[in-house]
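S.K.: Each chain, letter by letter, is given below.
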Amino acid sequence: MSEYIEHAKGGVSVGLVRKELFTFAHPPEVMRLESGSRIGPVTIAYETYGRPDPQRENTVLILHALSGDSHAAGYYTAEDPKPGWWDIMVGPGKGIDTDKFFVVCPNIIGSCMGSTGPGSINPETGKAYGHDFPVVTIGDMVRAQKALMDHLQIKRILAVVGGSIGGMQVLEWVVRYPDMVRAAVPLATTTRHSALAIAFNEVARQAIMADPNWNGGDYYDGARPNMGLAVARMIGHVTYLSDESMRRKFGRRLQKKSDFSFNFNADFEVENYLRYQGIKFVERFDANSFLYITKAADYFDLQSQHGVGSLVKAFSKTRAQFMVISFTSDWLYPTYQSKAMVQAMKKCGLDVSFCEIEAEWGHDAFLLPNERLTLLMKSFLDRVYAEIQP
Amino acid sequence: MSTLKFNHSKIRFDLQIIASWVEPHSRVLDLGCGEGDLLLYLKKHKNVVGTGIEHDEAKVAQCIEKGVSVLQGDINEEVLDYPDDTFDYVILSQTLQQVYEPAVLIESILKIGKKSVVSFPNFSHWLVRLQLLFSGYAPVTRQLPYQWYDTPNIRVITLNDFRRFSKTVGFSILKQAAISVQSRKGKSIAFLPNLRATFGIYLIGR
Chain A
527 MSEYIEHAKG GVSVGLVRKE LFTFAHPPEV MRLESGSRIG PVTIAYETYG RPDPQRENTV
587 LILHALSGDS HAAGYYTAED PKPGWWDIMV GPGKGIDTDK FFVVCPNIIG SCMGSTGPGS
647 INPETGKAYG HDFPVVTIGD MVRAQKALMD HLQIKRILAV VGGSIGGMQV LEWVVRYPDM
707 VRAAVPLATT TRHSALAIAF NEVARQAIMA DPNWNGGDYY DGARPNMGLA VARMIGHVTY
767 LSDESMRRKF GRRLQKKSDF SFNFNADFEV ENYLRYQGIK FVERFDANSF LYITKAADYF
827 DLQSQHGVGS LVKAFSKTRA QFMVISFTSD WLYPTYQSKA MVQAMKKCGL DVSFCEIEAE
887 WGHDAFLLPN ERLTLLMKSF LDRVYAEIQP
Chain B
17 MSTLKFNHSK IRFDLQIIAS WVEPHSRVLD LGCGEGDLLL YLKKHKNVVG TGIEHDEAKV
77 AQCIEKGVSV LQGDINEEVL DYPDDTFDYV ILSQTLQQVY EPAVLIESIL KIGKKSVVSF
137 PNFSHWLVRL QLLFSGYAPV TRQLPYQWYD TPNIRVITLN DFRRFSKTVG FSILKQAAIS
197 VQSRKGKSIA FLPNLRATFG IYLIGR
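If you read the sequences in order, they're chains A and B.
So for the first sequence, my numbering puts the first residue at 527; every next one is plus one.
So for the second sequence, my numbering puts the first residue at 17; every next one is plus one.
Just so you know, these hints were derived from the structure itself, not from any lab.
Just so you know, not all the hints are guaranteed correct.
Claimed, not checked - Covered stretches of chain A (in silico footprint by chain B; criterion: 3 or more residues with CB under 8 angstroms from a CB of chain B, positions within the stretch not fixed):
| no. | region |
| --- | --- |
| 1 | 625-636 |
| 2 | 864-874 |
To be verified - The calculated lysine to aspartate or glutamate pairs, modelled on EDC-like cross-linking and capped at a C-alpha distance of 20 angstroms, are:
| no. | chain 1 | residue 1 | chain 2 | residue 2 |
| --- | --- | --- | --- | --- |
| 3 | B | Lys62 | B | Asp90 |
| 4 | B | Lys75 | A | Asp793 |
| 5 | B | Lys62 | A | Asp793 |
| 6 | B | Lys60 | A | Asp877 |
| 7 | A | Lys783 | A | Asp769 |
Claimed, not checked - In silico negatives: residues of chain B with every beta carbon more than 10 angstroms from chain A:
| no. | residue |
| --- | --- |
| 8 | Val65 |
| 9 | Cys79 |
| 10 | Val86 |
| 11 | Glu94 |
| 12 | Thr174 |
| 13 | Thr184 |
| 14 | Ile189 |
| 15 | Ala206 |
Every value quoted in this text rests on a predicted model; they were computed, and no experiment measured them.
Where a beta carbon is used, it is the ideal one built from N, C-alpha and C, also for glycine.
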């Protein structure tokens with residue numbers, strides 16, 4: 527996902543928030559990963575907004591995408607120039623209303639935003655894990671989130687909500703912990719990557735691994751593979767846009783010049799934009815985390831991992847209500863992939879709503895201000911919450 | 017047919033009749049559900065478990081805003097995904113005249129639903145007949161308000177046609193109502209329905 531953090535119009539916000547840490551699998555305990563590897567201790571960074579109701583039935587769990595973090599809404603300090611990444615959706619009176627709901631947003635394991643990842647210190651060596659960090663899966667991420675829910679004493683979640691890789695976690699939650707989740711909102715996501723999606727991820731990973739500074743993943747003591755990560759981000763960013771949005775945003779416009787420079791500087795606005803996005807990303811993200819998280823997304827295959835190849839079987843365990851949303855111009859996770867999951871949910875007799883929102887912004891549409899999405903989210907959550915009131 | 021009495025006037029007269037035929041606590045699929053008014057009504061007053069299918073994104077959004085479950089999609093395709101006997105009723109309200117393959121759709125409907133309610137505007141209403149007879153132009157009425165070149169209604173159906181259609185396709189008509197909503201309130205038509213009714217509503221079964 528991209529850097530589309532916007533201030534809420536009118537400035538309504540959850541206000542000042544704080545990043546919390548929860549650590550589990552302290553020795554002698556370990557967390558066993560799906561790959562068979564063991565890891566411990568494991569730390570999850572998370573934030574909460576709003577308050578639990580007396581029955582603790584109003585939890586909305588927000589799950590972030592590739593480059594997201596626990597900071598979904600609000601500000602860390604009064605001087606903070608930017609709010610959290612989904613501040614347009616999360617806050618008082620917003621789509622996910624923090625006046626009504628207790629919102630939890632954890633950072634995924636494998637990331638570099640506070641949760642245990644390849645850049646964290648390996649207690650066995652006293653140095654960063656680097657390439658010793660085990661490959662994690664979407665299932666591992668969700669199991670770690672379950673540990674956090676247990677820690678927060680949340681037995682039932684009102685709704686799990688997430689887009690893109692966050693949407694994969696949503697789907698993993700409902701099939702892995704069917705009794706815990708009342709409702710689910712998978713946005714702009716898929717039950718498994720297409721060859722196209724895997725291909726783009728692989729090109730991005732190769733860009734990182736081809737950077738000499740990557741050094742097999744052990745670079746935390748020296749220069750970082752910034753160039754590789756920037757190129758990886760540039761590739762990713764293209765897949766989040768669309769032909770239409772790029773034509774509108776850049777067209778063939780030149781960057782502050784009237785003619786070509788006849789060299790390899792950034793002549794076109796789109797080149798300049800992508801370079802800027804790449805450089806900006808390097809400042810805040812770790813190249814190894816990019817590798818691990820994209821690999822987890824590529825491995826994700828809900829029908830194989832939970833349904834012996836059948837999506838219907840995978841969803842047969844869940845009782846959740848669904849609202850599935852896709853966007854017309856999303857060619858990374860096209861609508862047909864959302865429709866495939868809806869079809870399986872129908873066959874399971876699940877209560878599902880599906881809406882394909884007309885949007886020209888490609889995959890990233892779910893992060894952009896969108897009145898329809900906000901209203902649908904609000905209505906759906908209100909309905910689910912109303913249905914459990916005595 | 018006896019006079020139909022309704023004290024709830026919030027939904028359209030034809031929808032009131034459909035609602036009166038639906039048993040409480042049943043499972044209902046509404047094909048071409050529009051903004052979800054009927055499903056919301058059935059949910060509130062009959063405690064049904066309902067789902068709609070609607071093509072138009074804005075209408076789909078309005079359903080969700082009302083708390084009605086809805087799938088955006090094509091009714092002809094969406095009906096194919098459900099297991100047999102998923103629903104007690106499948107409602108096809110004022111949509112049959114827009115369906116490309118009515119026989120195929122009705123067959124699909126009666127697989128996934130035990131019963132179905134089908135309604136459509138009656139093309140043999142006297143006003144339609146007179147318009148064509150005297151003006152020589154394709155009829156335009158309140159129930160069929162389109163010109164020939166912009167109408168979504170690709171089928172013209174009369175009450176008699178539907179009865180014959182039931183024999184051709186092989187389904188049974190369990191209940192029927194011929195209604196006129198020329199006047200604001202709407203009433204049921206017992207005498208010469210094929211001539212005097214603006215709408216036909218049928219409860220059909222296998």
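S.K.: Against each hint, give a clear statement of whether it holds in the structure.
M.R.: To see whether the hints hold, each was checked on the structure:
| no. | hint | result |
| --- | --- | --- |
| 1 | 625-636 | violated (count 0) |
| 2 | 864-874 | holds (count 5) |
| 3 | B:Lys62 <-> B:Asp90 | 27 angstroms, violated |
| 4 | B:Lys75 <-> A:Asp793 | 45 angstroms, violated |
| 5 | B:Lys62 <-> A:Asp793 | 65 angstroms, violated |
| 6 | B:Lys60 <-> A:Asp877 | 17 angstroms, holds |
| 7 | A:Lys783 <-> A:Asp769 | 24 angstroms, violated |
| 8 | Val65 | 8 angstroms, violated |
| 9 | Cys79 | 8 angstroms, violated |
| 10 | Val86 | 5 angstroms, violated |
| 11 | Glu94 | 8 angstroms, violated |
| 12 | Thr174 | 34 angstroms, holds |
| 13 | Thr184 | 30 angstroms, holds |
| 14 | Ile189 | 28 angstroms, holds |
| 15 | Ala206 | 40 angstroms, holds |
Violated hints for the displayed structure, listed by number in ascending order: 1, 3, 4, 5, 7, 8, 9, 10 and 11.
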